[in-house]
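Listed below, chain by chain, are the residues.
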Amino acid sequence: MKSKSLRNPGNYGNFFLRVMPVNSYYGTLLRSINILVVLIVFSGLYASAQDDARLVSEKSHIRFFSSTPAEDIEAHNYSATSTINTGNGNVAFSVPMQGFEFDKRLMQRHFNQERFLDTQQFPTARLVGTITNLDAIDFSSNGKYDAIIEGELTIKGVTNKISEKGTVTVNGNRVTAESVFDVTLADYGVEFTSGRPASNIAGTIEVTVHAEYQPQ
Amino acid sequence: MKRKKIIRVLIVLVVAGALIGVGAGLYMFFMPQRNVQNLPVDFQVTASDLTEEFLNDITRANQKYLSADGESKILEVTGKVSRISENFNGEKVVLLKDDDDKAGVSATFTHDTNQAVNELEPGDVVTIKGVIRSGAYYDQDLDMFVNVTVEKSDIINL
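Residue numbers (the numbering used here), protein chains in the order written: chain D, 15 to 230; chain W, 2 to 159.
Among these hints, one or two may not hold up.
[Stated by the list, open to error] In silico DSS-like links for lysine-lysine, alpha-carbon gap of 27 Å or less: (1) W:K65 x W:K103; (2) D:K175 x D:K158; (3) W:K65 x W:K81; (4) W:K81 x W:K103; (5) D:K118 x W:K65; (6) D:K118 x W:K74; (7) W:K74 x W:K103; (8) W:K65 x D:K170; (9) D:K118 x D:K170; (10) D:K158 x D:K179; (11) W:K74 x D:K170.
It should be emphasised that the hints constitute simulated quantities derived from the structure, not laboratory data.
The whole structure should be built from the sequences, with the hints applied where relevant.
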């Protein structure tokens, strides 16, 4: 009996059926339970496969905010694309730079120009990283989780390492990510030493990211 | 007497010049954003051809469609409506993409033109006018094709 169940360890149904009379009501019941167990195990596998799924965001808001005694300047972008791989924690953002909109047309033109962000040459900014505390985030359970992202940010063709904090909010199928972090313009080859840009544009810009993801 | 007259004329000229200078400066500073819908169209394209152009040679397509000051080309794009959504600014977003294409054209409307999207349904073939912001490409890190983005859109022909 023992050796047999060892040789066929997964077959609990047979084990129970051996104990129970084959044609009894309980025998049939156990056979049903057996099938049920298999179904539950498979649905569990299916659910964890779902957890590994990729989340895609084509609905986002990125805000640049620069503050100096001379003036506050902000720009908004609603056209970024992002993905999160909930299996390995990989995160990526692609941001079309010409999608940043300013109140003033002149500022927007300056922003795009070669000496500022050169958006014709470098039309997209990119963030590629990994959520390092993936264990702390349960994508299958509603809630708000703190996330740490480490990776690389590329603006104007210059790449720098970053490590930023954010939050991930799970609400059913909908996952939103939020983060506020600082970007030092000089790190990306954007520097002004004199004139209005030097006095009116902050050396360090506050970047606010808000993205809504759907499974895909 | 004559000298006084010359001085008076000079003062008037200097003041007028200063006023024009300040006026031009203020105009530049407060210059309103372009009204894309009132501007002439630079290119008429299909969504398929436009995405294909970017996927074939993105550097060349960027040079052709994107301007250095960010005031890029005005396009009339014709394609099949594949998806209708809304962005975080409350603007409608219409994705023009043929079923066989790898990428499409994502057209963002404005608060003024949102209304026009109410008439659209997925499957409709439509022509949309707007300004291009970025091209299509395959992104290795996203592991997906990124769409062309067009903004300040309105429907030209349904």
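- Message: Please list, smallest to largest, the hint numbers that this structure does not respect.
- Response: none
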